[in-house]
Amino acid sequence: MSGDEFMLAHTPDPTLPVAPTVERLRVALAAATVDLLQIRDSALETDWPWRDDEADIRYGLYRLIEAIEEAGADVGRILRDTGARRSPAAERIAPATIARWDLHGLLATMDDQTLDLHPAVGEWTARETLGHIVSGQRAYGWFTAWWASRPGDEPAPDTIPAGVVEGAQLPDDDVEGVGSIADIRARLDAILDLSAGRLAYLDDAGLQLPARWAGIPVTVGFRLGRWSSHVIEHTLQIDKGMTQLDRRPSEVHRLVRLIHGAYGRLEALVFPIHAAPLTTADTRGRTVDDALVALGQELSVVAKSARVAAGA
Numbered sequence: 005m006s007g008d009e010f011m012l013a014h015t016p017d018p019t020l021p022v023a024p025t026v027e028r029l030r031v032a033l034a035a036a037t038v039d040l041l042q043i044r045d046s047a048l049e050t051d052w053p054w055r056d057d058e059a060d061i062r063y064g065l066y067r068l069i070e071a072i073e074e075a076g077a078d079v080g081r082i083l084r085d086t087g088a089r090r091s092p093a094a095e096r097i098a099p100a101t102i103a104r105w106d107l108h109g110l111l112a113t114m115d116d117q118t119l120d121l122h123p124a125v126g127e128w129t130a131r132e133t134l135g136h137i138v139s140g141q142r143a144y145g146w147f148t149a150w151w152a153s154r155p156g157d158e159p160a161p162d163t164i165p166a167g168v169v170e171g172a173q174l175p176d177d178d179v180e181g182v183g184s185i186a187d188i189r190a191r192l193d194a195i196l197d198l199s200a201g202r203l204a205y206l207d208d209a210g211l212q213l214p215a216r217w218a219g220i221p222v223t224v225g226f227r228l229g230r231w232s233s234h235v236i237e238h239t240l241q242i243d244k245g246m247t248q249l250d251r252r253p254s255e256v257h258r259l260v261r262l263i264h265g266a267y268g269r270l271e272a273l274v275f276p277i278h279a280a281p282l283t284t285a286d287t288r289g290r291t292v293d294d295a296l297v298a299l300g301q302e303l304s305v306v307a308k309s310a311r312v313a314a315g316a
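In my numbering, the protein residues as written are 5 to 316.
The reader is advised that the hints may include incorrect statements.
Taking CB as the label site, the calculated pair distances span [said to hold, decoys possible]:
(1) R28 - Y66: 15 to 25 Å
(2) D51 - D178: 41 to 51 Å
(3) S184 - V297: 23 to 33 Å
(4) D51 - R28: 38 to 48 Å
(5) E255 - P214: 40 to 50 Å
(6) A35 - P165: 38 to 48 Å
Derived by calculation from the structure, the hints in this document are not laboratory data. Idealized CB from N, CA, C, for every residue including glycine.
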């Protein structure tokens, strides 16, 4: 048993996919990021046309944060008004996507040449750290599924049996870190999305099932909560490494990361979630899909116009 088979074998069908409008919004953010990263700090005070008037390019980037936060407020209101509900497991998983997008915001501003630079003696390279993040997320997802699949009335073993670990055939950290930054980011997304899609079914009783973490007795819910903090922990490690390498972010790079952070907080409202509630209209006739589509359009328009105003 290898690849995704272990996860699929230890969780019930079907997989809850990422909602189509969320997938499209991710694409819009990626395209906007390409535009934004062409802007130099020296252009931030250049005039930028907005609402038949003029601001500056710096505000254009802050406007994207505002737009994401406005959409988040709208999405939250629509979900409350329509009575949409997510599983207890989905609520525990959601913070992981906030951590994921903060990491993406950092990685979007880095180039592949930084991956194998050693920040200091004994410190991991960015590639080694990213390989560990991806490997850790796979292990958290795969083995949380195994703990959750066990009969609740059976005593929890002190550790995951060696045969189960061998059967999962998890790639080593160095394998998970192979490729470009884009390759590794895509690998992390695939693993996190699949883990969320297979474990979002868990209810309160499922979250209380016994499990282990680092040999310590915990619950399945605890392990879900570790997804976020593990990514945060090693994002900080990469951040620190870039400082040690004197690879300090520009103002534009800092703003791009903040934009990704704002997006992560928005996505946490709809990840993981069934697509159906996103098409249900509230008392104003608005749907979550409407809000997400409008945001994607604004990301595209603002980022492109800011790039053009910067002469990039």
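Does the Cβ distance between E255 and P214 fall inside 40 to 50 Å? The hint (40 to 50 Å, Cβ to Cβ) holds, given that E255 and P214 are roughly 49 Å apart.
Distance restraint evaluation - A35, P165, Cβ atoms, bounds 38 to 48 Å: holds, 46 Å
Can you let me know if the beta-carbon spacing of D51 and D178 is within 41 to 51 Å? holds, 49 Å
Pairwise beta carbon distance, R28 to Y66, judged against the given window 15 to 25 Å: holds, 24 Å
CB of D51 to CB of R28, is that within 38 to 48 Å? With a Cβ separation near 31 Å, D51 and R28 fall outside 38 to 48 Å, so the hint is violated.
Take a look at whether the Cβ-Cβ distance between S184 and V297 falls inside 23 to 33 Å. holds, 30 Å
Hint 4 from the earlier list is the only one contradicted by this structure; the remaining hints agree with it.
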